[in-house]
Each structure stands twice: as structure tokens, then as C-alpha cells.
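Whole structure, please, built from the sequences with the hints as guidance.
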Amino acid sequence: MKFLVVCGHGLGSSFMIEMNIDQAVKELDLDPGTMDVDHSDLGSASSDMGDVFICGRDLADNVSGLGETIVLDNILDKEELKNKIEQHLQEKGML
Amino acid sequence: MLKEYLSENNIIIKEEIEDWEKAIALASSPLLESRKIEKGYVEEMIDSVKRLGPYIVISPQIAIAHSRPNGMVNQVSLSLLKLNRPVNFSAGDYEATLIFVLAAIDNEQHLGILRNLAEMLSDEEKVRQLINAQSKYEIRNLLD
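Respectively, the protein sequence lines represent chains W and Z.
Residue 19 in our numbering is what sits at position 19 of the first sequence, and the numbering runs on without skipping anything.
Residue 232 in our numbering is what sits at position 137 of the second sequence, and the numbering runs on without skipping anything.
There may be inaccurate statements among the hints.
Okay, derived cross-link-like pairs now, DSS-like style, lysine-lysine, Cα gap no bigger than 25 Å in a straight line [what the hints assert, rightly or not]: (1) Lys98(Z) with Lys231(Z); (2) Lys221(Z) with Lys109(Z); (3) Lys82(W) with Lys92(W); (4) Lys82(W) with Lys134(Z); (5) Lys221(Z) with Lys98(Z); (6) Lys78(W) with Lys221(Z).
These aren't lab readings, by the way, just hints derived from the structure by calculation.
Following this line, the structure appears as C-alpha cells:
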């Protein structure tokens, strides 16, 4: 499964979220080999770049057109991110 | 690492400010004065918020202003404006007391700063201490 984190410039918040996804993958005891994470800016992101798109709530409207989206209320909140990833994977029957 | 980048010169403490555009401009001023960024970068950061929304408010009370470098950044750098009263970036709860300005020159070289910032700012106690800090000395003591 590939997560693509999207933010305005692909320089700041998307990288912070990417760091936290790596940590969530460890904490959820997922196989890191099956979880791919990358980040991008809004302008370059396209639907083929990920299976799940993750962004902050301010970009939700722009990103949701790309595919399945996880929207974060607080970009730095690791618990929120972990819970939402867990929920998504459960819905997909992957957890 | 953050301590190296956030020198006393790059920290400003102010009681309050009229609006978010002035907050970004003031927060950038140390980097502008030391020629680490050009004036166009400040304008870009402000335009980005107008165009994309208050996405730079990454967490309650914390904004990290930044933009694409586009040749207007001379050196990877960081500055901080610490307000005693928050400024609103948009309707809703997009307000901030800690306004960082991050200047990147490419997609890679600033990631160390961001990594350290993210670690520090995900520690709620540390964020509370930063918000309550009343001197540059106090702020610098909270940095790694």
C-alpha cells in the first residue's frame, strides 16, 4: 500500500506527516516492506502516485479528487494519524 | 541543531500583531536583514497562504511559514516570532502564537531542521513552555 502525503509545497508539512507515518507503521506492527510512503506538493500530485492520500484539513477539498483520502485535523498529532491509518487498514481488511 | 539555526538575532518576541501578513513579514525580517532570503520570498509566503489557505498553521498555535525557494533563498535558515497574544490566519481556529519562517533552498537540505522542529513541536509540554516564554534566552534553552 502506498501513502502519498500532500501539502501546499511538498516541502514542509508533508515531510512531517511522512515521518509520523513511518513511526505509526512501526507502532501498528505493520511490515514496513509493504508500506510505501512519499510526499508531494499539491500541484504535482496525481491519482497514480498513491493508494491513499493524506493531507491536512485545509487541503481536503483539493486532495479528495485524487482518490481515497485521510484528512488530518492536526498535522503534528501522531495519535490521530495512527488511529486514522489503523481504521483505514481495518476497513480494507488489511489489519 | 535548532539552537544553531535559531540564534538570538533570529528570534523576535512581541506582545501582539494586527494581522497574519504582518506576522509573516515581521517573523521574516531577521532573515531578510542578514540576506539569507530576498524580499520576494516573503511575498511568496504571504501569497501562498492567500492562494492555498491557512495550511501553514500545522497545529494549534503553531505556524510554519514557507514557500518554494524559486531562487529567492540564499541560505537554509529559520526564524521565529513569538507572540504573547495569538494572531488569526483565517476564520475558524487557525490562530498562532509561534510563527516560524523556514527558508529552504531545495527539496532536501532543510529536512534536518524540519525533523527537529517536528520532534520538538509534538511535545505538548515543550510547546506550552515555548508559548509562555518571555525571553529569547528562555526560548533558546528549550531548543536542542
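Are Lys78(W) and Lys221(Z) close enough, with their CA atoms no more than 25 Å apart? Holds, at about 16 Å.
Would the pair Lys98(Z) and Lys231(Z) pass a check requiring their Cα atoms to be no farther apart than 25 Å? holds (11 Å)
Is the Cα-Cα distance between Lys221(Z) and Lys98(Z) 25 Å or less? holds (15 Å)
Quick one, are Lys82(W) and Lys92(W) close enough, alpha carbons at most 25 Å? Between Lys82(W) and Lys92(W) the Cα gap is close to 15 Å, so the pair holds against 25 Å.
Within a Cα-Cα threshold of 25 Å, do Lys221(Z) and Lys109(Z) meet the stated pairing? holds (19 Å)
For the pair we were handed, Lys82(W) and Lys134(Z), check the Cα-Cα distance against 25 Å. Judged against 25 Å, a Cα distance of about 39 Å means the pair is violated.
Hint 4 from the list above is the single one not met by this structure.
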